[in-house]
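Asks: Starting from the known structure of chain A, arrange chain B on it as the hints suggest.
These protein sequences, in sequence, are chains A and B.
So for the first sequence, the numbering used here puts the first residue at 1; every next one is plus one.
So for the second sequence, the numbering used here puts the first residue at 1001; every next one is plus one.
No lab work stands behind these hints, which were simulated from the structure alone.
Keep in mind that this is a model prediction, so the values were computed, not measured.
Glycine included, each C-beta is placed from N, C-alpha and C at the ideal position.
Treat each hint with caution, since some may be false.
[To be verified] Among chain B residues calculated to face chain A with C-beta under 10 Å, some are:
id : residue
1  : M1020
2  : K1098
3  : W1113
4  : V1117
5  : M1119
6  : P1172
7  : S1230
8  : S1257
9  : A1261
[As the list claims (entries may be wrong)] Below, a list of computed lysine-lysine pairs in the DSBU-like style, where the Cα atoms sit at most 30 Å apart:
id : chain 1 : residue 1 : chain 2 : residue 2
10 : A       : K17       : A       : K46
11 : B       : K1098     : A       : K17
12 : B       : K1286     : A       : K17
13 : A       : K272      : A       : K17
14 : A       : K110      : B       : K1149
15 : A       : K272      : B       : K1149
16 : A       : K272      : B       : K1036
17 : A       : K272      : B       : K1286
18 : B       : K1205     : B       : K1286
19 : B       : K1036     : B       : K1205
20 : B       : K1149     : A       : K46
21 : B       : K1098     : B       : K1205
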Amino acid sequence: MTTLLTKKSRKKITGRKVTLTISGWTIALIFLAPYIEMMITSVKSKAEILTIPTTYLPQHWTWSNYITIWKQLPLAQYLRTSIVVSLSATVLVLLLAIPAAYYVGRNRFKGRNAFLLLVLVTQMFSPTSLIIGIFREIIRFHLVNTWMALILVYAAFNMAFSIWILSSFFASIPVEIEEAAWIDGATRMQALRQIILPIALPGLVTAFIFTFISAWNEFVIALTIESSPAHQPLTVGLESLIGQYQVQWQYLFAGSLIAIVPVVILFAMIEKYLVSGLTAGSVK
Amino acid sequence: MTTVRKRYRVGALPWIGPAMAVIFLMVLYPAFEMIKTSFMSIDPTGTSHGFAGLSNYRTLFRNPNLTAVLERTVIWTISIVVLTVLISLPVAQILHAKFPGRRFVRYALIVPWAASVVMTSTSWLWILNGYYGVLNRILLSLGLIQDQKQFLGSQTQSFTWLIVVAIFVSVPFTTYVVLAGLTTIGEDILEASTVDGASGWQRYKNIIFPLLRPALLISMVINLINVFNSFPIIWVMTTGGPGYSTDTTTTLAYKISFRNADIAQSASMATINFGIILLFIVLFLKVSRWRDDS
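Isolated chain B (complex conformation):
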C-alpha cells in the first residue's frame, strides 16, 4: 500500500506538461499574437512599426462593407443553426425507426460528415454550374424551368445556396446527436406513454422532445461555433464575392489580410470574431453544465 501511495506522489507536470506545451505554443500563443497584432501598425511587407492604439479598429469600423457583412453573418449563423435542427429532428426520427436498409442510410449520412467540406462544396459548385450543371438538367427535364439558370448569378441566390450547402454539411452531425438521444430514451418510456393513450404528436411534444433538449442544446452551440467560423464553403463557391456581397466576418478577416495585405486591420476583425467565439464558449460551458467538481 505504501508503495502504491508513493507512486501517486509523482507530480502532474511530466504527464500533462508536454501536451500543455503544444497547446500553449500553437493555440494560446497565436491568440495572444493575433490580439497584439490588432493594436500594432504593420506595413504590407509584414514589418512592424510599433504600437498603434485603436487605429486599426477605427479603420475597420470605417470599412464601408462592414455593416452589410455583420448583418449577413447574423443571418448566416442563425438561419443555418436553426434550420439544421429543424431538419435533423425528423431525419433522426426516421433513422431511429426500423425499415429495410436503415444501416445503409445511416452510413450514407456519415459521408458528408467525413468528407472534406472543401471537396463537398466543390461538387455543389459543379452541380449548380449555370451551363454544365446537373441541377439545370434536372429542372429542365421536370419542366420546372424553361432555360438554364445561373444559380450563383445574383447575390441573394448565391447566398441562399451557400446556406443550403452549409446546412447540408451540418445536418449529419446534428442528426447523429439526436439519434444518440433517442436511443437513450428507451423503449419502455415510449411504450408507457402509448399505453397512456398519448397521440403521436403529443408523445413527441411532451415526452420525447424534452428528453432530447440537453443533447440538442449542446449540438446547437457546437454548430453555432462551427458555422460562425465556417470558411471553406464560402471560399470555394463564391470567395465571398462578387465584391464583398457574400462575405461573413470570418471570410472578410481573411480577405483583408491575405488579399488586401492589411494584416493589422484584419487582426482587429479577427479579434472581434474571437471575442464572439469566447462568448459562445461561455454559453457552451453553461449548457454543458461544466462544474468545478466534474
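Next up, chain A with everything else stripped away, as it sits in the complex:
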C-alpha cells in the first residue's frame, strides 16, 4: 500500500515537473522573443530584410553588419556619449549619496524625517513628468547640447534611490566596529572609507548599477535637449534611424544589441538585490 502510494505520488510529481518545465521555458522564450528577433534581423542582409513574407532565420548570416555599422552610423560617438554621461552621473550620485546616506543611517537629527520624506517623494518623480520645467531650466542655464545637462538631470533623479538603499546598508553595520576605529585615532572620514565602505560594498554595487542603467536607458530628456548628434546617447541616436525614409533595421538592431548586452549582464550580476532595489524605502 505504502509503495503504491509513493509510486503514485512520484508519478504525479514528474508530471507536474514536465508541465512546470514546459511553462518555464515558454515564459523564457516569450520574454526573450523581441531580443532574439533583434539578433536575427541584425545579421540579415539589406535585401533579405525586405522580402515578403519574411524569413525566420537569415539565409546568409551577414555578421559584417556589425563592422559596417561603425561606418554607416556615428555609433562610436553615441556610445561615447552614453558611457561618459552614464558614468559621470553615477559617480556624482555615489559621491553625494554616500555621505548623506551614511549620516542619515547613523544619526538622529532635527529635520531627518523631513529629509527622508523629501527623498522618498522625489524617488517617485520621473524626468518625463517634469520635462517642461527641466527643458526651460536647461535653456536658462545655457546647457542645451551639453553632456553636463544630462549628467545633472540623471544624477538628481537617481540620488534619492541611492540614498535609500545605501542608508539601510549603513544602518545595518554595527556602530561598535566604527567606534573601535575612532578610539584607535581614525577620523570619521577615515573610518567611513576604510571600514564602512568595504562592508557596504554590495549596497554600493547595487546603487552603482541601478543608477548606471537608468542613465544608460534614459530617452525623453536626451531626446528633448540634445539635438546635435555629437551629444546624443545611443537611445536617441539609434531611434533617429526610425524617422528616416528607409529604415536600416539591421543596423538599428545591431546597435541596439551593443547597447543592451552590457546592461543585461550588469543586472544579472545584482539579481539578488533587484527587488530590494526597486522597492527601496517602501518595504521595511
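Replies: For chain B alone, coordinates are given in the frame of chain A:
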C-alpha cells in the same frame, strides 16, 4: 566616550547638503518652473509675456482631443497595472517552483527589465510590421490568417498592441517582487498547510495570497506611476497617432510643447499630470506605511 560624542555634534548639513542641493536644483526647481509656466503667457520662441492667469488651462480644456485622451489614459493605466499583476502572479509561482533550467528562465526575465524600453518597443514595432514582420509570417504559417495583417493599422488595434508591449515591459519587475514575497513566506508555513489538508487553490487563496498582499500593493503603486508616466512605448510605436488617437496625457503634453510649440498650454497639461502623480505618491506613502518614526 567624550570624543565620540563630540564627533556626533558635527551638523548634518555638510553630509546631506550637497545631495539636497542637486535634488533641489534639478528636481524641485523644474517642478516649480513647470507649474509657474502653466500660468504664464509664452510665445512659440519661448519668450515670456507675463502672467496669464488660468488662460492656458482654459485653452487646454477647449482642446477637442482632451476628453478622448483622458479616457484613454484611464484605460491605459488601469488595464496595464491590473493585467500585469494577473500575469505576474502565476509566472512568479512557476519561477518559484523547482524545474530544470529555472535559473536560466529567471535570467531571461531580467532582459526586458534591464534593456532600454525604447529599443524593446522598436523590436516590437518591427515584429508587428505589416509587410516584413515576423508575427505575420508566424500566423500565416499556422494558418491563423490568410493574408498579411496591418497590426498597427487601426486605432483600436494599435492601442491594444501598445498595451501588450507595456505589460511585457512591466511583468518582469512585478514578477520579481512577487517572487521575493514567495521566498519570505517560507516552506514551513506551506508544509503546515499541506498537512492540514488544504487543497492547492485553497492554500493559495487563504494562505499565500494574503501574505503576498503588501508586496503586491507596493509593486502596483510603483507600476501605476510608471505606466501613467510611460512615454517611449507610445512615442516609438505610434507617436500617439494617427492624429491624437493613441495619445495619453503624458504624450499629449509632450506633443503640445515640442510639436505645436505651445509650451504654456503643455505646462498646464503637465501640471495636471503632476498633480495626479502626487496623489499616487500619497497612496504610495500610505501603502508603504511610511511613518514619522521610521
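Asks: Tell me, which hint numbers fail for this structure?
Replies: 9, 10, 12, 14, 15, 16, 19
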